[in-house]
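Undergrad: So the protein lines, in turn, are chains B and D.
Each residue of the first sequence is one higher than the one before, starting from 3 at the first, in our numbering.
Each residue of the second sequence is one higher than the one before, starting from 3 at the first, in our numbering.
Be aware that a few hints might be false.
Any copy, or any two copies together, can satisfy a pair, since identical chains are not distinguished.
Claimed, not checked - Okay, derived cross-link-like pairs now, DSS-like style, lysine-lysine, Cα gap no bigger than 27 Å in a straight line:
id, residue 1, residue 2
1, Lys175, Lys153
2, Lys60, Lys9
3, Lys157, Lys175
4, Lys8, Lys153
5, Lys215, Lys157
Bear in mind the hints are in silico, worked out from the structure with no lab data behind them.
These numbers come from a predicted model, not from an experiment.
Here is how the chains run, residue by residue.
Protein chains: 2
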Amino acid sequence: MGTLNKKAVCLLSGGLDSATVLYLAIEEGFIPLALTIDYGQLHRRELESAARIARHLKIDHQMISIHLPWGGSALLDSHIPMPENRNVENIPAEIPATYVPARNTIFLSLAASFAETRGAEAIFIGANALDFSGYPDCRPDYFSSFQNSLKLGTKCGGEGKTIHIKTPLISLKKSEIIERAFALGVPLELTWSCYKGGEFPCGLCDSCLLREKGFKEAGAADPLSAHSKTWDLF
Amino acid sequence: MGTLNKKAVCLLSGGLDSATVLYLAIEEGFIPLALTIDYGQLHRRELESAARIARHLKIDHQMISIHLPWGGSALLDSHIPMPENRNVENIPAEIPATYVPARNTIFLSLAASFAETRGAEAIFIGANALDFSGYPDCRPDYFSSFQNSLKLGTKCGGEGKTIHIKTPLISLKKSEIIERAFALGVPLELTWSCYKGGEFPCGLCDSCLLREKGFKEAGAADPLSAHSKTWDLF
Numbered sequence: 003m004g005t006l007n008k009k010a011v012c013l014l015s016g017g018l019d020s021a022t023v024l025y026l027a028i029e030e031g032f033i034p035l036a037l038t039i040d041y042g043q044l045h046r047r048e049l050e051s052a053a054r055i056a057r058h059l060k061i062d063h064q065m066i067s068i069h070l071p072w073g074g075s076a077l078l079d080s081h082i083p084m085p086e087n088r089n090v091e092n093i094p095a096e097i098p099a100t101y102v103p104a105r106n107t108i109f110l111s112l113a114a115s116f117a118e119t120r121g122a123e124a125i126f127i128g129a130n131a132l133d134f135s136g137y138p139d140c141r142p143d144y145f146s147s148f149q150n151s152l153k154l155g156t157k158c159g160g161e162g163k164t165i166h167i168k169t170p171l172i173s174l175k176k177s178e179i180i181e182r183a184f185a186l187g188v189p190l191e192l193t194w195s196c197y198k199g200g201e202f203p204c205g206l207c208d209s210c211l212l213r214e215k216g217f218k219e220a221g222a223a224d225p226l227s228a229h230s231k232t233w234d235l236f
Numbered sequence: 003m004g005t006l007n008k009k010a011v012c013l014l015s016g017g018l019d020s021a022t023v024l025y026l027a028i029e030e031g032f033i034p035l036a037l038t039i040d041y042g043q044l045h046r047r048e049l050e051s052a053a054r055i056a057r058h059l060k061i062d063h064q065m066i067s068i069h070l071p072w073g074g075s076a077l078l079d080s081h082i083p084m085p086e087n088r089n090v091e092n093i094p095a096e097i098p099a100t101y102v103p104a105r106n107t108i109f110l111s112l113a114a115s116f117a118e119t120r121g122a123e124a125i126f127i128g129a130n131a132l133d134f135s136g137y138p139d140c141r142p143d144y145f146s147s148f149q150n151s152l153k154l155g156t157k158c159g160g161e162g163k164t165i166h167i168k169t170p171l172i173s174l175k176k177s178e179i180i181e182r183a184f185a186l187g188v189p190l191e192l193t194w195s196c197y198k199g200g201e202f203p204c205g206l207c208d209s210c211l212l213r214e215k216g217f218k219e220a221g222a223a224d225p226l227s228a229h230s231k232t233w234d235l236f
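The following block holds chain B by itself, in its conformation from the complex (with noise of 0.2 Å):
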């Protein structure tokens, strides 16, 4: 496969993160594939951004759905109390509730697959190490060791292709990201970051708490407050 033609799994949770990484894909060259897991998120709404994003770009998009019965998140079962720190210097260092047991694991797996079947060279991840949620499987560590896996766990590994985890915005702050988003074009009113996934974003969940942080320091409005009431809910 020559580098003219070179493709990407991206995943796209509809996030301002993974929309930033899939324009960043495209930026590098890479023919974007994105990859949407629907994984009984309660916050469904960051599907239909996904959607959303895919269709804006006219680009190949995957969902696929997955269902966890075991739960072990807020973000799965209701009756596990979504944190509210209600302001980003309370947010604790220790890994939230909002933590899904594997979730990257188990998304990278089904982005590995699709990027094996297809022939692409790249899985691209919208992961952050800094202004994030202390999530274990966002660190730089974690996505080179699951590279080594993938290397010695698929066909094409074997055949001497790596099927490489870029994760670019790994070491970057929100602040940064957003900027980076900027300049790229993204749409970020059509992004969606609220882990409440109301007809508005609730303001007071970490992943608010630091989208609004990140708009604060890159000193820019956030096109999503004037649009999202112009939404369906999904």
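Given the structure of chain B, go ahead and fit chain D onto it with the hints provided.
TA: Structure of chain D alone, referenced to chain B:
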């Protein structure tokens, strides 16, 4: 958690190997959490086998469905011809069309999510690197690497707990697995190996050929043959 109630997720496809591994996990003193993954395999009868084995043992059993729309395997796409080597000596050394890209990585990532949520300390998988079909995700190096990825990418890993990937069949011949199965009282008549999933095993696919060779070398009759005609189709 004491050793008296140690738990293990047991990947149960419904085949001979995974059923034997389930019994081995119980023999080792684990409380089994059986996990069956419907990944859209055309031979759906193995799912019914998995359910029957779990019911026979009266154990916790989760069955989850995931559709891999990209196909890429003769087990997923009826347009890809199933290899019929007709004789076990004819099975070629290369990775066959029944390879499902990243299948064990998908299975193990889901098992890891289940294991972490339920506090299980091991995942049992019936992979075999001897009388197998040449799949890259059945080799010891791959499993070690994946265990390391989990260690880095889970909350419990960060707390010093390892989710052990246990592959007790990895270096056994099929005949040795069958001997082990008889010794453990595995209801082999409930298991299903044929890739085709018809009313009776086809006797021609690689999985049937390896099973037949195993029983021959173990000097035993396959109890499935006698029982299969009494089954309802799934």
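Undergrad: For this structure, which hints from the list above don't hold up?
TA: none
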